[in-house]
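All chains, please: the whole structure from these sequences, using the hints.
Protein chains in written order, with UniProt numbering: chain A, 1 to 342; chain B, 1 to 342; chain C, 1 to 342; chain D, 1 to 342.
To be clear, the hints were calculated from the coordinates, so they are not data collected in a lab. The reader is advised that the hints may include incorrect statements.
Here are the simulated DSS-like pairs of lysine-lysine, each with C-alpha atoms no more than 27 Å apart in a straight line [what the hints assert, rightly or not]:
(1) B:K310 with A:K47
(2) B:K24 with B:K6
(3) B:K340 with D:K333
(4) D:K6 with A:K24
(5) B:K330 with D:K265
(6) D:K310 with D:K125
(7) D:K6 with A:K32
(8) B:K330 with D:K6
(9) B:K310 with A:K32
(10) D:K32 with C:K310
Chain B regions said to be covered by chain D (calculated; three or more residues, Cβ under 8 Å) [unchecked claim]:
(11) 163–173
(12) 218–225
(13) 250–261
(14) 276–288
(15) 292–305
Beta carbons are placed, not taken as given, at the ideal position from N, Cα and C, and that holds for glycine.
Protein chains: 4
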Amino acid sequence: MIVILKSGVSQDRIDSFISDVKEKNLDVHVSKGVDKTVLGLLGDTSKLDPEDFLANEIVESAERVSAPYKMASRSFHPENTVVKIGGDGSTACFIGDGKTVPLIAGPCSVENEKQLIDAALAVKKAGARILRGGAYKPRTSPYSFQGLGPEGIRILEKAKKETGLPICTELMSASELKYFENVDLIQVGARNFQNFDLLKEIGKFGKPVLLKRGLSGTIQELLMSAEYIMANGTEQVILCERGIRTYDGYTRNCLDVSAVPYLHKVSHLPVVLDPSHACGIRWMVGTLACSAVAAGADGLEIEVHCNPEKALSDASQQLPPVMFEELAVKLNKYAAVEGKTI
Amino acid sequence: MIVILKSGVSQDRIDSFISDVKEKNLDVHVSKGVDKTVLGLLGDTSKLDPEDFLANEIVESAERVSAPYKMASRSFHPENTVVKIGGDGSTACFIGDGKTVPLIAGPCSVENEKQLIDAALAVKKAGARILRGGAYKPRTSPYSFQGLGPEGIRILEKAKKETGLPICTELMSASELKYFENVDLIQVGARNFQNFDLLKEIGKFGKPVLLKRGLSGTIQELLMSAEYIMANGTEQVILCERGIRTYDGYTRNCLDVSAVPYLHKVSHLPVVLDPSHACGIRWMVGTLACSAVAAGADGLEIEVHCNPEKALSDASQQLPPVMFEELAVKLNKYAAVEGKTI
Amino acid sequence: MIVILKSGVSQDRIDSFISDVKEKNLDVHVSKGVDKTVLGLLGDTSKLDPEDFLANEIVESAERVSAPYKMASRSFHPENTVVKIGGDGSTACFIGDGKTVPLIAGPCSVENEKQLIDAALAVKKAGARILRGGAYKPRTSPYSFQGLGPEGIRILEKAKKETGLPICTELMSASELKYFENVDLIQVGARNFQNFDLLKEIGKFGKPVLLKRGLSGTIQELLMSAEYIMANGTEQVILCERGIRTYDGYTRNCLDVSAVPYLHKVSHLPVVLDPSHACGIRWMVGTLACSAVAAGADGLEIEVHCNPEKALSDASQQLPPVMFEELAVKLNKYAAVEGKTI
Amino acid sequence: MIVILKSGVSQDRIDSFISDVKEKNLDVHVSKGVDKTVLGLLGDTSKLDPEDFLANEIVESAERVSAPYKMASRSFHPENTVVKIGGDGSTACFIGDGKTVPLIAGPCSVENEKQLIDAALAVKKAGARILRGGAYKPRTSPYSFQGLGPEGIRILEKAKKETGLPICTELMSASELKYFENVDLIQVGARNFQNFDLLKEIGKFGKPVLLKRGLSGTIQELLMSAEYIMANGTEQVILCERGIRTYDGYTRNCLDVSAVPYLHKVSHLPVVLDPSHACGIRWMVGTLACSAVAAGADGLEIEVHCNPEKALSDASQQLPPVMFEELAVKLNKYAAVEGKTI
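Here it is in structure tokens:
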């Protein structure tokens, strides 16, 4: 950590500040400029918040030198993490292996058995490797369809049995974890990405996690939330960029494609992109998906529904099977440029 | 709801769309322009999501005419809601009465009994009406101080007994509600403002709620989250603006002072401002607090600590008692311009 | 335009409002709901600002049905516009032809003759079709290098003669247009994208224009600025997305890749992406460039410098020739997926 | 400037980097940590851009210690700047004197002589000290009213003669400066706040300047733009916060009231707030104006029109005289809390 002191501070106050810092088991390097004094704090600074130093009125600014996350950091763990999904009653899928760009596909919500199984068969046929479907739905309005809950999970399990696809679904409350024993990939939604109590419980549960970036989550916050899960016991974490909130509303959110190369640089965790939520408009999903593959995404999550116009949620962004099939063919071509397959 | 159809759509498809809409128990008014057809959907549209209409490819755009919230809306409930805090083992405080601008003050975190009681006595002396203190702390890093939990609540209860001040503290997980029986005002933090499962459980619990706007929460989302609480049984909801996230990081967040007059216009719920989290810098808190009173805030939440430099969280923004006392005097002068007191 | 009136408005006031609107040569369709009255305004509404209707206190909201831009709109001009750059003393390049993704490359600033010619030869060798270089530099600080001005243009002209590449450079003030006679593509920078006086003069000048989106420009504002140029006489306008400003500063700006498909949908003008300014970090430029091609960009603008570390501006984002050559090879592979070449 | 080097860099490369830096007439302090080396660059760093250091691949990050602006900085000029407006053919008004909060009021656009003079008399009667009115209008659409130009200036001069009020109007192009000889305060609009050529010419012209913050301008960028004007000869600069662009569109812009105390801390220049453009809604202007006074604003700019519904621009936000008069009375009460008057 670098702490810059205000100009004109007496040596006494500087000494007293330095001795306070040393009490925290840190070493201090002092660099005196013409005008200002700069302190380098050395040691384990991960528990410190740079903003807290500003409480001392002799401090002008404080900045981290090293990242506040450790387990999620590439410098701590140089090799890529490959997350294994399913394999137990389903065909295993690997995310982050550098050779594949698996598609996680299925409807926004589980609505009933027929609807889910139809969608599952359709996405499997097109080449998807994991089935998604929401049983618990985070809806902005209390009057909207809230999901089938445990019954939705049961239907997902049935689809898994029929298709052999591992299943991915969202958890909204730790008290529902008891229903997630057969879920292969647990999703944390954008609105819960800093629900720290939920992150802790998921970390203890041990299943692979798909962690979505919050609507206005910074890259560093996303990695800190991954750190919560990892520090609680689960290292199989997939990061998911799904569009951020900006000043312009021409799409539902703004796909931040730069997150892929940047996360790959600073972290060893795989990065999946969700073009469906990023744009929220059916006709744009395919173009963004291609763009995501070219950006190096380790997988894609795409919403597919056999009858989107009648869907109970996110009707405007779900693809019908025919569009998804065509898209999968094209994605394979983009993946091939780097020697990968979907 | 106004639905605008694309140009060049056949009458058959328009008729089929209209009959689909009528199945949802809505009336449809058709207005044909030179180029486009505009449909007015009449009836209870609160369960509809305008975006879902976009799933139908004949639709160009869809917009609400009436707000998606009801119970939180001023048109549904024209009179101001006055929220009563405490009164049972503490001195009752009313927020939203139009005559007072009560101060909710105390440390960021409950650190130990002496620290909290000292702060409680100090803020009471200066004129605060409610004591705040965090027992459960939503920290970005898993390595930061996470709060004392139930022991923190116990200390708050003790401070309440000693000072007669009602207590306000944050809930992060519904599973902890069992410790909140004696809490007078339950805070929902910015990071949980769309944790819908938490909102439902708090709504069922029945205690007054202080609902903070999310870091990038829209005003409409804030009201929809209030609606979750109200639809589940608790109408005593206070809305809290605490700074939003923008492109400029010169302050921790950006106090959106316009939220006060706007929320007063569209909702009957009281609005409290939190200048401490808005700026995150001690010397700026007072100025923003004055500005908030002039904007018509129904109360202020301000962090106070007897020794801010040693605080375990948010050290840079907590006021020492002497600054808080001076501020309270000045706030009273600003309140007096509209015939109010703190 | 759709105008929604407040509830409880007397028929007299509605009638008076309608007759005011009709004076503007517009037809009015009235649709009465249970609660609110909705007016459809028909005719040429392009000169109206929906916000102005709010001045009338009986109006609750007002929204456009048709876009406020005309000449830039695809509904007005269904065929793609192909912009021809150069051809007179240089090899012509076509942007927007659907068959090529031309690269516009060269240094951020023209620093001296040798520096520019070296860069020009390097980018030509790698396959770039247009040479860029800044003679007038919009620098945040008055103390930074401000560009060589007319001498920079002279050097660009020399490089054009030596390499046969058309040249692209930024104009900051209409008073300098006299030096732009031999410039093949005039760039309007992000900070001047709503400098309407400049847009008007450029429109009258008649040369092809590369119009950059402002730091927080909406897609609609970008199209309105294109409309300024077109309405003043120049229809050869290329739109350029170069990264927008968001709350997260991990890259210099945030590449909004969705702008490509969206602009293609609503406008006939070609869309170029600038990955260099979008990220501001050399190692990320290539990945974003690939992503841009997959998103359907009609061209790319990339900064290249033979000795980036010594560059007088934007040192951190310029590519050395060897990186640019490798990138061009890869971009050709991505372009090939859709049957295009760079 | 603090430059942090990547870990594992050879001493040779560090030495070579340091000698490069020393060539720029800077001293370098080296601080070696366990892992990383931190360099403190001492001397005049105002011409350096921290981002440029990232061009060198041994550099991990670079941050300024001192502000990049000088003449606008309070550390360079500790006393408040008081800007004198008018006095020559009008009654002088002082902005930044700490005793008054002058109101700059008048219509958005100068529409004709009667309209402006009526508004001028009305605002003078209510207590305004400076008359505003737009002769050159920066409109998003080329089809909207663009202002009367030189004729508008002539009308403003006439109003000045009739009322004795100094006049303030916006300049959009340096080529029009010839008409500004009798203008007392030249406004630079939000869209031109980084039109550096315009800033330079205004700086040379010598009249007091009201510089508006850009729609997504940072506080630092605002001060750098002031620096452009000051470095070119005009030290009489007033900073104006007029609302910024955020993710939420419930108001036209978001009034960033914290800018007042922050700018007062880091700069000696006066700060004026523009509540009209901040919200864009007539009924909210007054509340924001009160809030601005409580935040310590040195003046307010407020749009007033005798018949807002018929205004040719910004109809929805202009106040009729009766509202402005009532507001002026209330603003005086808020100003009185700090011993000031409007």
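Violated constraints from the hint list, given by number and in increasing order: 8, 11
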